[in-house]
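Trainee: Using my numbering, read the sequence shown as starting at 51 and increasing by one per residue.
The reader is advised that the hints may include incorrect statements.
To be verified - Distance ranges between label pairs, derived from CB positions:
(1) 171 - 226: 22 to 30 Å
(2) 132 - 217: 26 to 34 Å
(3) 74 - 236: 14 to 22 Å
(4) 74 - 107: 15 to 23 Å
(5) 161 - 107: 14 to 22 Å
Since the hints were derived computationally from the structure, they do not count as laboratory data.
From the three backbone atoms N, C-alpha and C, an ideal C-beta is built for every residue, glycine too.
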Amino acid sequence: MSAGRDISWPQCPPDVGIRRGKGFGAPMPGPHVRFVIIGLTNGRAFTRNHCLDMHLRWAKRHHAWTGAYAMTTYPTRDQIARQGRRGPYRHRHYRGRLANAAFAAAQFNVATMRRHHFSPPHVWLDIEPSSVRPWHGHPENRVVVRAWIRAYRHAGFGVGVYSTPYLWHGIVGRMRPGLPEWRTAGPASARSALGKCSTDRFQGGRAVIAQWWSTSRDFDRVCPGFQRGRTMKRFFHKY
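Take the sequences, apply the hints, and build the full model.
Mentor: Shown next, in the form of structure tokens:
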């Protein structure tokens, strides 16, 4: 059963990052970790993980399987004003402009990966509440999530979702795209997290990864029942 970690801006030094989003100086994974999932942003759309190069150097040095995730946030008024009239959606109505802004946010992350020569086959959408930009009602939130999915697929990536039943249903209601799931047990044990592999389906997809966390680390395991080599190649890039 493969051991993994997810890392992002909290693993940056305390003087690195954006205002209200400086790094925590959290520890990097140990040498036994077989895979990492790296956050692309500084916790909100249209920001970058300032330590992405450092995190990729760690992955290359340890020859780790490496994946990507990004926090999905509701576009701000400024983002809708700037991005809402460009993109694949009709912009005459608010929801079209909203979708274009969300599509552009995912494109920003695609551009970040290309700029850093980071080419995982799959990107995970992190769907949870944001302390910076609150979500709206279910219909508008579904517009945002669908636009992110479309943008990643348009760029050639597979897409999965990180969430819980409570968080997913609270944000998007009964939306069920049936994507692969990365399920979290929260501040629990490895055993509790692996139990989520067979319970708590939230949008119709199969569980691929189980997560639990402590105050300073996020831990991950590939769920039982997957062929290890095939699964790693589907969701991760090998350094």
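Trainee: Each hint should be assessed against the structure and marked as holding or not.
Mentor: Tested hints:
1. 171 - 226: 22 to 30 Å: Check passed, 23 Å falls within 22 to 30 Å.
2. 132 - 217: 26 to 34 Å: holds, 28 Å
3. 74 - 236: 14 to 22 Å: holds, 18 Å
4. 74 - 107: 15 to 23 Å: Since residue 74 and residue 107 have Cβ atoms about 19 Å apart, the given range 15 to 23 Å holds.
5. 161 - 107: 14 to 22 Å: With Cβ atoms ~20 Å apart, the hint holds.
The structure fails none of the hints (numbered hints given earlier).
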